[in-house]
Amino acid sequence: MNVLILSIFWGIVMMFSGIALKKKGIATGLAIAGVLILLLGNLGDMSTVVITTSTFNDMLAFRGYNVLFISIVLVATLMYFLVSGREIENVGTGGFDYYALIFFVLTGIVIASSFNNLLMLFLGIEIISIPLYILTGSDKKNLKSNEASLKYFLMGSFSTGIMLLGIAFIYGDSGSLAIVPAPSPFGFSFTSLPTLSAVGALLLMFSLAFKVSAAPFHFWTPDVYDGAPTVFTSFMATIVKAGTFIAFFRMFAGGFASVQGSWGLAMQVIIFLTLLIGNLTAVFQQSAKRMMSYSSIAQAGFMLLAIYAHNDMAKEGFLVYTAAYVLATIGVFALLSRVADPGFQGFNGLAKKEPLLAATTTICLLSLAGIPLTGGFLGKYYMLVATAKAGGPFWLVIFAVICAAISIYYYFRLIIAMYFKEGNPEMAPVSRGLKFWLVVLCVLILALGIFPYEVLLNNLLSL
Amino acid sequence: MSQLVYLVPMFPLIGFLINGLGRNVLPKPLVGIIGSAALLASFVVSLLIFNEVRTPGFSAVTVNLFDFIHVGKLNVPFAFQVDQLSVLFLLIITGVGFLIHVYSTSYMHDESPSSYARYFAYLNLFVFSMLLLVLGSNYVIMFIGWEGVGLCSYLLIGFWFKNADYNYAARKAFVMNRIGDLAFLIGIFWIFAQFGSVNYADVFSQARPGASAHVLTGITLLLFIGATGKSAQIPLYTWLPDAMAGPTPVSALIHAATMVTAGIYMIARSNVLYSLAPATQGVIAVIGLCTAILAASIAIQQNDIKKVLAYSTVSQLGYMFLGLGVGAYTGAVFHVMTHAFFKALLFLGAGSVIHAMGGEQDIRKMGGLRKFMPVTSITFLIGCLAIAGIFPFAGFFSKDEILSRAYAHNPVLYVIGILGALMTAFYMFRLYSLTFAGKFRGTHDQEHHLHESPAAITIPLIVLAVLSVVGGWVGIPEFMAPNAHVLSKFLEPVFANSHVAAPPGEIAASTEWALTIGSLVLIIGFCTWGYMKFKNFTLAEVKESTGLAKILENKWYVDELYDAIIVKPINWIAGFLNNVVEKLGIDGLVNGVGKLVQYGSRQIRLLQSGQVGIYVLLMVIGIVVLFVLQLFFPNLI
Numbered sequence: 001m002n003v004l005i006l007s008i009f010w011g012i013v014m015m016f017s018g019i020a021l022k023k024k025g026i027a028t029g030l031a032i033a034g035v036l037i038l039l040l041g042n043l044g045d046m047s048t049v050v051i052t053t054s055t056f057n058d059m060l061a062f063r064g065y066n067v068l069f070i071s072i073v074l075v076a077t078l079m080y081f082l083v084s085g086r087e088i089e090n091v092g093t094g095g096f097d098y099y100a101l102i103f104f105v106l107t108g109i110v111i112a113s114s115f116n117n118l119l120m121l122f123l124g125i126e127i128i129s130i131p132l133y134i135l136t137g138s139d140k141k142n143l144k145s146n147e148a149s150l151k152y153f154l155m156g157s158f159s160t161g162i163m164l165l166g167i168a169f170i171y172g173d174s175g176s177l178a179i180v181p182a183p184s185p186f187g188f189s190f191t192s193l194p195t196l197s198a199v200g201a202l203l204l205m206f207s208l209a210f211k212v213s214a215a216p217f218h219f220w221t222p223d224v225y226d227g228a229p230t231v232f233t234s235f236m237a238t239i240v241k242a243g244t245f246i247a248f249f250r251m252f253a254g255g256f257a258s259v260q261g262s263w264g265l266a267m268q269v270i271i272f273l274t275l276l277i278g279n280l281t282a283v284f285q286q287s288a289k290r291m292m293s294y295s296s297i298a299q300a301g302f303m304l305l306a307i308y309a310h311n312d313m314a315k316e317g318f319l320v321y322t323a324a325y326v327l328a329t330i331g332v333f334a335l336l337s338r339v340a341d342p343g344f345q346g347f348n349g350l351a352k353k354e355p356l357l358a359a360t361t362t363i364c365l366l367s368l369a370g371i372p373l374t375g376g377f378l379g380k381y382y383m384l385v386a387t388a389k390a391g392g393p394f395w396l397v398i399f400a401v402i403c404a405a406i407s408i409y410y411y412f413r414l415i416i417a418m419y420f421k422e423g424n425p426e427m428a429p430v431s432r433g434l435k436f437w438l439v440v441l442c443v444l445i446l447a448l449g450i451f452p453y454e455v456l457l458n459n460l461l462s463l
Numbered sequence: 001m002s003q004l005v006y007l008v009p010m011f012p013l014i015g016f017l018i019n020g021l022g023r024n025v026l027p028k029p030l031v032g033i034i035g036s037a038a039l040l041a042s043f044v045v046s047l048l049i050f051n052e053v054r055t056p057g058f059s060a061v062t063v064n065l066f067d068f069i070h071v072g073k074l075n076v077p078f079a080f081q082v083d084q085l086s087v088l089f090l091l092i093i094t095g096v097g098f099l100i101h102v103y104s105t106s107y108m109h110d111e112s113p114s115s116y117a118r119y120f121a122y123l124n125l126f127v128f129s130m131l132l133l134v135l136g137s138n139y140v141i142m143f144i145g146w147e148g149v150g151l152c153s154y155l156l157i158g159f160w161f162k163n164a165d166y167n168y169a170a171r172k173a174f175v176m177n178r179i180g181d182l183a184f185l186i187g188i189f190w191i192f193a194q195f196g197s198v199n200y201a202d203v204f205s206q207a208r209p210g211a212s213a214h215v216l217t218g219i220t221l222l223l224f225i226g227a228t229g230k231s232a233q234i235p236l237y238t239w240l241p242d243a244m245a246g247p248t249p250v251s252a253l254i255h256a257a258t259m260v261t262a263g264i265y266m267i268a269r270s271n272v273l274y275s276l277a278p279a280t281q282g283v284i285a286v287i288g289l290c291t292a293i294l295a296a297s298i299a300i301q302q303n304d305i306k307k308v309l310a311y312s313t314v315s316q317l318g319y320m321f322l323g324l325g326v327g328a329y330t331g332a333v334f335h336v337m338t339h340a341f342f343k344a345l346l347f348l349g350a351g352s353v354i355h356a357m358g359g360e361q362d363i364r365k366m367g368g369l370r371k372f373m374p375v376t377s378i379t380f381l382i383g384c385l386a387i388a389g390i391f392p393f394a395g396f397f398s399k400d401e402i403l404s405r406a407y408a409h410n411p412v413l414y415v416i417g418i419l420g421a422l423m424t425a426f427y428m429f430r431l432y433s434l435t436f437a438g439k440f441r442g443t444h445d446q447e448h449h450l451h452e453s454p455a456a457i458t459i460p461l462i463v464l465a466v467l468s469v470v471g472g473w474v475g476i477p478e479f480m481a482p483n484a485h486v487l488s489k490f491l492e493p494v495f496a497n498s499h500v501a502a503p504p505g506e507i508a509a510s511t512e513w514a515l516t517i518g519s520l521v522l523i524i525g526f527c528t529w530g531y532m533k534f535k536n537f538t539l540a541e542v543k544e545s546t547g548l549a550k551i552l553e554n555k556w557y558v559d560e561l562y563d564a565i566i567v568k569p570i571n572w573i574a575g576f577l578n579n580v581v582e583k584l585g586i587d588g589l590v591n592g593v594g595k596l597v598q599y600g601s602r603q604i605r606l607l608q609s610g611q612v613g614i615y616v617l618l619m620v621i622g623i624v625v626l627f628v629l630q631l632f633f634p635n636l637i
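In the order they appear, the protein sequences are chains F and X.
Residues in the first sequence are numbered consecutively from 1, following this note's numbering.
Residues in the second sequence are numbered consecutively from 1, following this note's numbering.
Rather than coming from a laboratory, the hints here were simulated on the basis of the structure.
Any given hint could be a false lead.
Capping the alpha-carbon separation at 20 angstroms, the derived lysine to any residue pairs in SDA-like fashion look like this [to be verified]:
1. X:595 <-> F:399
2. X:162 <-> X:178
3. F:24 <-> F:5
4. F:315 <-> F:412
5. X:595 <-> F:82
6. X:595 <-> F:11
7. X:595 <-> F:401
8. F:144 <-> X:520
9. F:389 <-> X:610
10. F:144 <-> X:610
11. X:595 <-> F:389
12. F:23 <-> F:120
13. F:144 <-> X:613
Please read all numbers here as calculations on a predicted model, not as lab measurements.
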């Protein structure tokens, strides 16, 4: 509850401070302070020091898993502000507005991770989406940015419609907006839903798949990620993605987990397509930025495995995977947003010019590719083991492993460009602070891979 | 004090880090001081620990540092075990190691500062690894040390890496050791599978009820194969003579005094297992004896001063294995100790000679060095007397103990063992005679440069010479003076269980006297023969050797044999796999998959047209297909 209230409050504070404060750099400082306050609030949520205990008639629930997830999101946001603050300010005038929108997105994420009611889910997803349409188009004089924003808005509305339709179906069938299907009056437990509710659940799944850019609902992703200012692409590909994923996870690995018979196959197909299309298409991209957007699709395929498996291991793994993915992607985008040419050739010889930056990016890429000792490896491992343990189809596990192998191709292309090709990349100056925070980021990723319990999972057990 | 045992390996580790990282900035004298001081500190701590351990009633202490591996049932703590055996090895390693470090400061003085620091860094790292090996309280820590010393040995043999032959020798040592390591590793896995633990305490206490004799024989044989690699026994001994490519102090420390005795330590440590596997013991005794004889016979015809000593090391290690094989664990460890003294002394003496001769190692071109280098000459003579086993020098007591136990086991072993001892006496005095006696046979220029070595070299020689004399007095046999075998009493707790499992055979004191005196007379005879025969050797006598001499000179053609039956077939198979299987089979498969992925990528990419209408259409098609699949065929897969 604390984070929800504080994020709304801080969003408004950011909005109005833009009027009074004009100096550069203040916006970022204020935003970082805001995230720190949110983190404090999050700590309060963990230890039941809360502003109010109201849960809006049980429409929201702030309990163990969600609260820990929110703290991952907040830490990621903090790292994001630390490494990208200057870029955010450079997009428009001052950046206060954008920071305000980001805080509103956080509000949406908090709702999306703690809803107990389908309307709350809808509300959360919409609060996340609408500021994003604006952020995508924030580079007002750039045609591509405008185009991306419009595309995103059009397709986003389409998916919103689908979601509402799904909710309507479920409500029409069961007369309830609770996320857990109503128990049978005769005490049976069903493994599938009545048809009308099943249709509703599938529609809900499709719209959420759209939000996390899973195939075949991913088409907006490359265009929007490419068109949006790189710094906001980074935000969308990481924090927002994690935020919508937790909604997906909560809905299907929580509420509908018991009725997998009604959605399991569709989920398998979605996972298969997402892994296939994400990985294969990434192979042939010429632009690192576009490659990263396909990579984000491919990674979503892995994260969906956790929803499919929805056992204890999947729950732990989902946290590790999300944390590792978000941090590593922030790290890669930190470099991407500073290089003039986002094509692969724009990175040639970067290791000679900026050895430290090349090294941190390499660690992030290794984590994304799932090389041991990084959090990414552990996340992938958890996903695969969880799927196998849940009795998921074995071919899917093997297919996922093959896709992870393919992903090495395109992640390593960037590493090869940085280290083994000659060239003199053009790039914006890199401050010492940025370097420091990138190193911290890499340490976090490695720590997550080596001491997952100490860094993260023990908190889950203690909650 | 024993709780502070982690200090012992910590000092060399620190030394390694300082010298290794600062090799480009530290001045030479400082490097030498850091390297030696680390060892001195370790030695002092070891002495203090020894002082605690030697009190009667001391029982083994395990010092847990941290949890190293904790996965499922496998629990490997990073723990050290302080007991009589490990503390004895601590003293040998740090004590002899310190002397050799001091010696090295002078011997390696011509190196550039950075490679001088590199040398000391490697040497400290070696000592650190060796200490891990003997201190570990389970087989995994021992294995870490085992691999560490192997690595350092590789690095130091190839220390002068600009010489391709030296690199080849280093590689050979490494590969040979790896073969043994593999067996050792499998042995450890088997131990874990059998006993569910790799800690010494657990394994040994469960040895009898926990495993059948066959299993124990298998495990012990695998461990022994590991030992043949590290301790240069048949069939994996050929790397040790080649390892003489390294700097001479390295040969003294690693390839004579410490690393090569790791195999003996391992078997002595596992004595409980071995005593329960008599079949393995038989194998060990035979292999040890064969190695002792074979290496001694080769040493007779070698002309390189270091090669002679190398083969004599192989031969002496053979004696130690003979001792282990007949259950004379104390004797074997005793011989490790005395051998460390006199062999280090001999190698360091050889180094002093090589130093004076300006790098010359061929003993036929030396001679008469006695009057130029009195200290080296006298200490070297003491070393020769000790290794030959002359009373009352150190080698006499340890070798006598092994041989008399061999006699109690089986007189045939004893007779062959004595034969080897006679050869040892002969070639050692041949070596001494060719090097120090007679007239100088080198060039005039070399003669001009002959000089006694500086104090940093002669002082370690003197210390080791003293130890080579008195070192044996801790193990005076029962028949000479009752209750005078201090070492045996000291080590009793370590080997107590084995002595219960396989009680040592007894022989009458009168027989022992007869055997001892008889063999002593023979050995003295052979010493004199070897000395007199080569006293007036001249270069004119050198001619193409024939018959047995030629075979011995070519080391029984073992290297050629290995080359023909192992290396060449493996090369052929590797060539086949490379040219045929890889090129035609695997490459096609791998590249085919790659091409398929690229093709698919190009096609799928076209879906991304950029038009919202098409995107929405595709999404709707997707929705319809998924609906149909899920609602009508929910159990499709």
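Next pair to validate is residue 162 (chain X) with residue 178 (chain X); report whether the Cα-Cα distance is within 20 angstroms.
violated, 24 angstroms
For residue 24 (chain F) and residue 5 (chain F), compute the direct alpha-carbon distance and say whether it is at most 20 angstroms.
violated, 27 angstroms
Between residue 144 (chain F) and residue 613 (chain X), does the CA-CA distance stay at or below 20 angstroms?
holds, 18 angstroms
Taken at face value, is the distance from the CA of residue 401 (chain F) to the CA of residue 595 (chain X) at most 20 angstroms?
The hint holds at about 19 angstroms.
Run the distance test for residue 595 (chain X) versus residue 11 (chain F): straight-line Cα separation, threshold 20 angstroms.
With a Cα-Cα distance of about 50 angstroms, the restraint between residue 595 (chain X) and residue 11 (chain F) is violated, given a limit of 20 angstroms.
Straight-line Cα separation of residue 23 (chain F) and residue 120 (chain F) no greater than 20 angstroms?
violated, 38 angstroms
Can you confirm whether the C-alpha distance between residue 595 (chain X) and residue 399 (chain F) stays at or below 20 angstroms?
holds, 18 angstroms
Can the restraint linking residue 144 (chain F) and residue 520 (chain X) be considered satisfied, given a maximum Cα separation of 20 angstroms?
violated, 99 angstroms
Next pair to validate is residue 595 (chain X) with residue 389 (chain F); report whether the Cα-Cα distance is within 20 angstroms.
Between residue 595 (chain X) and residue 389 (chain F) the Cα gap is close to 33 angstroms, so the pair fails against 20 angstroms, i.e. violated.
Is the hinted pair residue 144 (chain F) and residue 610 (chain X) satisfied, with a Cα-Cα distance of at most 20 angstroms?
holds, 11 angstroms
Quickly compare the C-alpha distance for residue 389 (chain F) and residue 610 (chain X) to 20 angstroms and report which way the hint goes.
violated, 40 angstroms
Could you grab the alpha-carbon distance between residue 315 (chain F) and residue 412 (chain F) and see if it respects the 20 angstroms cut-off?
violated, 29 angstroms
The earlier numbered hints that this structure contradicts are 2, 3, 4, 5, 6, 8, 9, 11, 12.
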